[in-house]
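Trainee: So the chains spell out like this:
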Amino acid sequence: MTFPVPPSPATWVKNQSIRAPRLRADAANLAWLYTKRPLFFSTQVTSAQNISNNTTTSVFLDTTYIDNWLGHASPTSTTYSPPLSGWYLAQGTVSYVNASIQTGYYAAGIHVSQNSVGSNLLNSVVVPFSGGGIVSNIACDLVQLTANTSDSMTLIALQTQGVSNGIDPPTFLKAEWIALPSTGASVVTGTVVASPPTPVLWPPGSGTQLTNGGGIAAGATSMTVANTQGMIVNGTLGLEYYQGNAVSSIAESVNITSIVGNTIGITATSYAHAQNAYVSIPVSAAFLNNQVRDMVNFLAYPPIARLHNFGGSQSLAAQTFPAATAINFQAATVDNFSGWTGGVGTSSYTVPLSGVYFVYGQVAFNAGSENCSAGISIAGGTVQWGDSIRTAGTSLITCPTVSKLLRITSGQTVQLMGTTTVALGLSTANSSFYSTLIVVWRGF
Amino acid sequence: MATYPSPVVPTFLAGFAPQSTDFTNYWYNTALFLQNKIVFRASQTTTATTLPSTGIATLIAYDTVLEDPYSGWNGSTHVWTPPSGYTGWFWVSSTLRTATLQNNVGIGLQVNINNQFSPFIPLGQGFVQIMGASTGTAGCSGGELVYLVGGLSGVSISGFTDSSTVNVSTTLTAGQQSTLEIMWLTL
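For the record, the sequence lines run as chains A and B. Each residue of the first sequence is one higher than the last, beginning at 6 in this note's numbering. Each residue of the second sequence is one higher than the last, beginning at 17 in this note's numbering.
If you're looking for bench data, these hints aren't it; they were derived computationally from the structure. This structure is a prediction, so every number in the text was calculated from the model and none was measured. All C-beta atoms, glycine included, are put in the ideal place defined by N, C-alpha and C. Some clues are possibly wrong.
As the list claims (entries may be wrong) - Here are the computed distance ranges between Cβ atoms for each label pair: (1) 169/A <-> 61/B: 38 to 48 Å; (2) 119/B <-> 197/A: 50 to 60 Å; (3) 168/B <-> 169/A: 19 to 29 Å; (4) 63/A <-> 40/B: 31 to 41 Å; (5) 251/A <-> 18/B: 49 to 59 Å; (6) 27/B <-> 234/A: 42 to 52 Å; (7) 119/B <-> 120/A: 26 to 36 Å.
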């Protein structure tokens with residue numbers, strides 16, 4: 006079985022031939038990767054696993070629905086090994102048979118092994134209600150893993166009911182390759198493309214024509230044309246060229262500086278050109294760098310961010326829902342488009358590009374939780390709430406989560422919001438339990 | 017919002033010039049789709065759903081479509097179906113928000129395929145447990161990976177209560193509305 010390789014598109018240069026191998030290596034490879042990116046989804050159906058009290062336990066995944074790059078060794082394996090180096094969005098659920106013991110909690114999380122060092126992050130933490138049914142907990146993290154090493158991820162369960170507790174469906178782990186790695190020796194790392202190109206059609210062989218009434222004068226920096234197909238900013242145009250041949254003694258080339266409708270900003274012409282003059286649109290190196298190289302680089306490394314408050318300090322005052330407080334962050338595990346501009350102790354992630362974003366947040370409270378909720382605020386607006394849970398009369402930790410797919414405009418801020426009905430500190434000193442905000446660009 | 021052809025993996029044959037049509041079919045359309053993947057978002061803002069105390073899973077009737085460029089939503093059945101030709105793996109995520117709950121009550125939500133709790137994929141995100149009378153509205157959220165056949169597989173969401181002795185309504189207050197999001201991930 007063959008797979009795409011990590012995208013590493015070439016830079017085109019003037020007079021370079023456009024050959025099939027280069028197009029296959031760049032455009033075809035990226036399309037292959039993105040339409041069949043590493044995706045893993047496996048569940049626990051038959052194992053009927055029991056989780057020992059107060060013991061972080063790897064969850065068996067015995068029934069796999071998709072593992073297209075073969076990262077899961079066998080039905081008895083609890084780990085997913087990255088088949089392609091990069092950032093993975095891990096999402097899961099651990100569902101427990103509800104023991105209804107309200108002096109303990111249920112939790113789910115993600116364990117990662119990176120460079121032979123293991124770490125856990127608990128996500129959803131809840132105290133059960135006194136009833137039947139099941140209790141489900143969400144797991145979510147954004148992690149960088151290296152292929153062909155011992156790196157791996159695992160869904161983990163933790164419960165403190167005082168007794169062994171069974172797992173129920175739905176319990177699953179989903180792992181999805183999101184982007185090239187940001188760092189690493191001997192791996193292809195991502196390239197930030199701050200202004201991703203818009204796909205344009207291949208330049209027409211016949212070019213177009215100048216439509217300015219009376220033509221344009223020498224020194225003109227703007228012109229109008231009949232058709233802009235194939236034009237890109239920083240591309241090249243040939244005035245008085247037709248199908249690659251100069252048709253006049255005043256043939257010259259100019260660069261495109263702007264495109265607004267059929268009005269093209271250009272570098273100053275040396276000559277005057279009449280209305281209906283031929284304008285050729287060559288398949289230039291600039292065109293291929295824009296439409297292939299930059300497109301591949303952007304799609305292979307879109308805006309992603311993981312902020313957390315481990316090592317920080319913050320307490321939330323008692324508030325009446327839906328009043329809420331923004332969660333401050335201590336560090337960014339990844340922030341490739343530099344959206345977290347305020348730095349340590351600040352709460353806002355500024356979206357770099359307009360589009361649809363996956364946003365996940367969790368608010369990890371110290372013991373003593375009451376009514377607790379987690380939500381997302383865009384541009385300081387109305388909080389979009391996720392979980393609202395309650396653990397009255399206990400001294401247990403709690404962690405509500407929120408997960409949304411939101412359309413956000415460039416420049417707007419994203420904040421994780423938390424609220425509690427009793428004053429409570431956030432968990433920031435436990436390396437396995439802290440608040441996080443994950444933001445992943447999903448499309449325009 | 018525009019729609020784009022389902023992506024293809026380009027086949028650039030040696031010896032053929034990169035003609036306009038080849039580039040359009042092999043790369044331009046694919047790049048457009050990958051930059052603008054299929055997405056559906058909806059919320060419930062005008063008419064609440066009553067979740068019965070019996071705990072029976074009840075269809076959430078989302079009434080406000082936030083975006084549906086591929087026109088997969090059926091506002092009568094409250095089911096989203098990818099159009100024919102767009103089969104693939106999709107991530108379905110949902111938030112259920114309800115009115116204040118009684119003491120020791122749980123709420124949860126589940127994903128349905130073609131109006132059935134599919135026996136092939138364990139769906140469902142039964143979640144949230146409330147100890148003690150809640151002093152505010154309740155909410156839970158979750159997501160699931162599903163394989164949808166274009167034109168055939170419809171996605172809907174149901175909510176349910178656990179251990180409640182009264183019916184529970186979803187909330188319509190801004191920021192506290194139930195939501196559904198679906199996004200294409202891969203072929």
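Trainee: Taking the hints in turn, state whether each one holds.
Mentor: We went through each hint and held it up to the structure:
no. : hint                        : verdict
1   : 169/A <-> 61/B: 38 to 48 Å  : holds, 44 Å
2   : 119/B <-> 197/A: 50 to 60 Å : holds, 52 Å
3   : 168/B <-> 169/A: 19 to 29 Å : violated, 43 Å
4   : 63/A <-> 40/B: 31 to 41 Å   : violated, 48 Å
5   : 251/A <-> 18/B: 49 to 59 Å  : violated, 38 Å
6   : 27/B <-> 234/A: 42 to 52 Å  : violated, 23 Å
7   : 119/B <-> 120/A: 26 to 36 Å : violated, 48 Å
Consistency note: the structure conflicts with the earlier hints numbered 3, 4, 5, 6 and 7.
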